[in-house]
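**Student:** Spelled out, the chains give:
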Amino acid sequence: MVARLRFPGSRHAVVWLALLFWALTAQAALPIQHWQTASGVRVYFVENRALPIIDLSVTFPAGSSRDPQGQEGVASLTRHLLTLGAAGMSDAEIAERLADVGAVLGGEFDADRAGLSLRTLSSERESGQALEVYARLLQQPDFPADVLEREKARVIAALREAETQPDSIAARAFAAALYGDHPYGRRQSGEIATVSALRREHLVELHRRHYTAEAAVIALIGDMSRARAEGIAEMLSAGLPRAQQAGAALPPVAYPAAPVRRVIPHPATQSHILLGYPGVKRGDADYFPLYVGNYILGGGGFVSRLTEEVREKRGLVYSVYSYFMPMAELGPFQIGLQTQRAQGGEALDVVRGTLRRFIDEGPTEQELQAAKDNIVGGFPLRFDSNRKILDHLAMIGFYRLPLTYLDDFVRQIDQVTTAQIRAAFQRRIVPDRMVTVIVAGDAE
Amino acid sequence: MLKRCMAFLLVLLPAVALAGNIHEFRLDNGMRVIVQEDHRAPVVVSQVWYRAGSMDEFNGTTGVAHVLEHMMFKGTEKVPPGQFSRIIAAAGGRENAFTGRDYTAYFQQLEQSRLELALQLEADRMVNLRLGAAEFAKEINVVKEERRWRTEDRPHGLVYEHFMAAAYQAHPYGRPIVGRMSDLEHMTVDDTRDWYERWYAPNNAILVVVGDVRAQDVRVLAEKHFGALPPRTLPPRKPQTEPPQRGERRVTVQAPAKLPYLLMGFHVPVLTGAENEWEPYALSILAGVLDGNASARLNQNLVRRHRTALEVGAGYDAVQRGGTALFMLEGTPSEGVTVSDLEHALLWEIEKIKHDGITEEELRRVKAQVIAADVYQRDSMFFQAMQIGKLEIAGLSWRLLGDYPARLQAVSAGQVQEVARKYFTSQNMTVAVLDPQPLDENRPQLRKEFTHGR
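Chains Z and R are the protein sequences, given in the same order.
Taken in order, the first sequence gives residues 12 to 455; the numbers are from the numbering used here.
Taken in order, the second sequence gives residues 18 to 471; the numbers are from the numbering used here.
One or more of the hints may lead you astray.
Said to hold, decoys possible - Partial pick of chain Z residues on the chain R-facing surface, computed with a CB cut under 8 Å:
(1) D111
(2) Q151
(3) A168
(4) R171
(5) E216
(6) H277
(7) V328
(8) V387
(9) G388
(10) R398
Calculated directly from the structure, the hints in this document are not laboratory data.
Virtual Cβ for every residue (Gly too), placed ideally from N, Cα, C.
Please put together the full structure from these sequences, using the hints given.
**Tutor:** Printed below as a string of structure tokens:
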């Protein structure tokens, strides 16, 4: 299937963090129930009986930014190996027991978070067996040494492959240039040398330190009563490790003192170009004007300024986009595009000019109204499935956002002005100090 | 549909909700409308499917179905270029389009009360599209960038394209959906106009609506906006049947990469809707046994136990308008394992099934997946609309969705063994291999089409 536009990946903030806006009505967007289990795990629950399904996830602050120096890749492997051996069950046994009842594991992993999710039928036999296996994965992972060796070899091979592909070369160079020594500058799956050196005790230690009850967030949605949800949450949290000490905060991100420009040779027919700057944190007061502004600049698909200038007017690219990804510390503001290598310089000039004009002048009132119309008017699309709601619950819980976050969001969006957008972009993005990465460039 | 159909959920095509929720009707001009009511959230997805995809193209203008898809956003008399997207965006909607071998489809996702806007805009561009040379000149460059991104610079994309060309020598499934670069280079706006006039008509379209709507209301809206559009006489469709394969075929693709890659395929039948057909269901179960879940054979034996492969997969999509399909196996060998070793290991897994069959436990497990997937997929309105559209385009009925789980449940272990024996022969096999090349950094892969850029 060939589509008219590739969206820049569901992991990108604009696509799924944008969430949340119930039109400006009094009622809550989502009736979220919240409590803590006996061991202190925070629980976020939405009851939804429309389908006989239960979706749940448990999330820990155990993303790649928790990798100790020299052990880059250990957090990713720890999360990966959770499902490959627990309480004496082999990876094959785990897979079979879940498959027997049609249950499916999933999860996410990024610089901040490591999560393990489960989807199961809500019927007693199916959900009972699925939850029993799932609880053991969280509470009693074995991290078998031979499985670790096998999975290390697979990760290392994937890292070697990534070093030949222009998009992964660009992403890696971009993170390193943007964040330097900060943990956000690391490759999430680690480096060949560090992964090679990992041993079982490194995974055990990371699990003990970061997969704790105090830090965990349980999100639940689906066909169950509050009482059943409480029972499940207690069962899942009972055997989690207890924190020995509070988790250390991440260091702050330093802004670049000078522009960084990296040009990396590659034989590809297209240049892969990334530009960026440290962006925003979760809960940052500038987030709303930046979010709305970015919709206008490069987040709004076919109606953004970047798409209009680079693709619609000039036919230079198939895809050009921008986004802010809010994280625990300053997540990236990123612009990306690919274009035939001979015209990379031209495309980059247009992108830079469009960005600079946007920062200097801000959006028009018409653009702002169109952005609000889309963001507010499309609010119901943000949580029209259990799966989407589960992601919202986990995000609200993990970043300790208020339960009214969704309702507040609509109000916040609605109050944004063109002046605020212009001021926020001028405050937060310094075009003269941005990071630029070009893989397979002819032009410069 | 997808360029690579390795995903089990698509392969198994789990059934949509109860058939009672689906309503079907036909407008006087021949346009078909299928509505599935789903009141879980106040949203709606609307999809217009045209029975015109890359399989209907001719040599010399490959890719025109997809180029026209892009041009469909370039304006009508009432809606200037670029405004389609702005109007939908202002209504809080999301919209896009996609082209496959069998179809071209356009969709909008909206808050439920805005459905009429989508229908009005789709009806307008079904007959009133303005195809201008200036817009075309820009958009064809966008499509060429898309091809570079999707295929030219992607080793696995290149392998797939060469693989399909080898597996299908007469049937149009052998041609790339995005088109050959040379054909894109020489395409004109007149080619897109010919295509539009040939296929874009209500009697070649299906409207699928899923969401928080009432079928009767959708019917009224569909009649209001599409009802007056004139039908066209559609050109005859020639089957272009692929003759039986007369021996193994092999291709090698060299591209900058580190890891080799193997893609194998066997010609197999597809669903026809016939009362007693069982082979496509048995092949779907076989795909499930090989790669349907984390415990399936290929992953368990080749990745976990013997560590022959870093990644493996198997896939089969039984819904094809072209009347033919490939059962595919793919994999990346572990370090120290050759592609040839991996090929033998994959074929050995097939041989074991041909010789010993599958266990009742495996069969039960795959069927458990079918039951669960049938429920899970109801969580996505978009996916349900996709299933309906894809079936209808292939000439099958959405009613098949209701029967599908039961038909899969009826498959026996013996039938799975029988299809493995029948179709997995060396005479019926095509193999494509990626031969990874070191990066020669400063030498772009210049080919003719890249040397005279616009």
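**Student:** Tell me, which hint numbers fail for this structure?
**Tutor:** Failing hints, ascending: 2 and 5.
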